[in-house]
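Undergrad: Each protein sequence line maps, in turn, to chains A, B and C. Count the first sequence with the working numbering and you get residues 1155 to 1336, in order. Count the second sequence with the working numbering and you get residues 1155 to 1336, in order. Count the third sequence with the working numbering and you get residues 1155 to 1336, in order.
Because the hints were derived from the structure by calculation, they are not lab data. Don't take every hint at face value.
One copy or two, either will do: identical chains are not told apart, so a pair holds if it fits within one copy or between any two.
Within a straight-line C-alpha distance of at most 30 Å, the following computed DSS-like cross-link-like pairs (lysine-lysine) qualify [unchecked claim]:
(1) K1233 to K1211
(2) K1211 to K1301
(3) K1301 to K1161
(4) K1211 to K1161
(5) K1211 to K1303
(6) K1301 to K1233
(7) K1233 to K1161
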Amino acid sequence: MRTDAAKTIEDRIRAIEDRLEIYNLIASHPPSADTAAQSYIQSIFIEDAVLDLGGAKTATGNRAIAEMPQRPAHQEAIKAGLAHFAGLPHVTIDGDRAVVTSYLQILAAHPTADEIEVPAHGVSRGYRIHRVGANRWELQRTPQGWKIKRRAYRTLDGSEPALDILRQALAPPSPDAKTVNV
Amino acid sequence: MRTDAAKTIEDRIRAIEDRLEIYNLIASHPPSADTAAQSYIQSIFIEDAVLDLGGAKTATGNRAIAEMPQRPAHQEAIKAGLAHFAGLPHVTIDGDRAVVTSYLQILAAHPTADEIEVPAHGVSRGYRIHRVGANRWELQRTPQGWKIKRRAYRTLDGSEPALDILRQALAPPSPDAKTVNV
Amino acid sequence: MRTDAAKTIEDRIRAIEDRLEIYNLIASHPPSADTAAQSYIQSIFIEDAVLDLGGAKTATGNRAIAEMPQRPAHQEAIKAGLAHFAGLPHVTIDGDRAVVTSYLQILAAHPTADEIEVPAHGVSRGYRIHRVGANRWELQRTPQGWKIKRRAYRTLDGSEPALDILRQALAPPSPDAKTVNV
């Protein structure tokens, strides 16, 4: 985010406001997943958005995406203790498009571990890290603010798709960065 | 954080500075808890602040709040390896009030797990996630900067109080948002 | 980040841009470590930078630092499922120097735990938290942007070096804060 000499104060403030709005958008993902917030989820994806969680877990359209956490199995996971946990995201903005790369842990209350006491912090079986993965969020500015056009998530298990998401975060912006593709 | 046409440059920059100051405030919580930094903790809560950790774990007043980590049991937990770990927070500012919703892991060195080697990363029994929960921080602007008026924390174990904290982060701001209540 | 009355709009916007550039720098660390991105890592450290991971794990110079993840053992860890996971960092900027204090989890796919199913989230052995520690990043502004001059990392196992890193994040800036030393 080095400053281009040609940028006006207005341009610079707007770029900063974009960045902070995007942080809040990404920060709202775990609360929306962990409460199955159907209408909120629908509102933060564009109408023909794609959610690509790998394999068969793909949904197209913000209605279909927002329905996914309504399944009884997802509700059962919430009841048992579920937490999506977001790390510090890497954000690149280019005009009306942005790409965010972020790590995500999917945590679940451990069903069978021994109860252990931590002094001054009570007794708990603790939580398991069920998965850790990399997200690539492709965002688009809309009249209603920044929204998600495509989210791809891949588990960090040594396989290439997850590593590719991470590598793209480090790549210098390409000359035609307006067209962002995974 | 979409821009209101009526906002001046000064207003907009101040809103951004508020946001970044709040990020640092939230980021200072884990270091203060993990080192039992009594005077620092007292300084970031307003005098009649409330810390509500659920059940009987409640303290009123910044002196009482700052004394909690001084208990021998907390010191024992630090000695054994304790880490509060903060995810990306969601922040909403409204004038001189702000609400932050954030996830927090409470990690403790595992006392009994097998030692496992990770290539190039040594041998360790690892850490347990003792708890994962949602924080609701109600902040207030003071002449000494943003301070905490109320912090509520609930474990994400499928029960309603934690889910309620998360749902409130996704709710559209109410017309009388100046009065923030859990 | 309270505003000094003497600061111009330009100063204030620049301080904000610095902060956001630094967030992206810190956010790029996990992707660079988890993909062993040699040339990227070399580019974000100054030429005579120091990486101090404790004990014998120290490297001097950005070439040596960037070569560390090229070792076969590190590549093996990546293949088995490795994730560096960054919490919300605390940032203090003073002119052309900055200090960042951040928590870092080093996660590895669990090699032996039982497979457990989380409803709607598949079956997995899960991940272990191999280490949790505190980073102190000393940054320097360069003509090519903010770079790392020194990174120290200590495991949060109750020992003083890690606690010292955390305490320094909470200390009021010293009058001669331009000279930052661990």
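Undergrad: Up to 30 Å between alpha-carbons, please classify K1211 paired with K1161: within, between, both or neither.
TA: neither (42 Å within a copy, 43 Å between copies)
Undergrad: Is it within, between, both or neither when you check K1211 against K1301 at 30 Å Cα-Cα?
TA: within (21 Å within a copy, 39 Å between copies)
Undergrad: Using 30 Å as the alpha-carbon threshold, which applies to K1233 and K1161: within, between, both, or neither?
TA: Cα proximity of K1233 and K1161: none, with 50 Å in one copy and 43 Å across.
Undergrad: Between copies, within a copy, both or neither: which fits K1301 and K1233 at Cα up to 30 Å?
TA: Classified as within; 29 Å inside a copy, 34 Å across copies.
Undergrad: Is it within, between, both or neither when you check K1301 against K1161 at 30 Å Cα-Cα?
TA: both (25 Å within a copy, 23 Å between copies)
Undergrad: How do K1233 and K1211 come out at 30 Å by Cα distance, when the copy is not named: within, between, both, or neither?
TA: both (22 Å within a copy, 24 Å between copies)
Undergrad: When Cα atoms must be at most 30 Å apart, do K1211 and K1303 count as within-copy, between-copy, both, or neither?
TA: Answer is within: at 17 Å inside a copy they meet the 30 Å cutoff, but 42 Å across does not.
Hints 4, 7, counting from the list given before, are not met by this structure.
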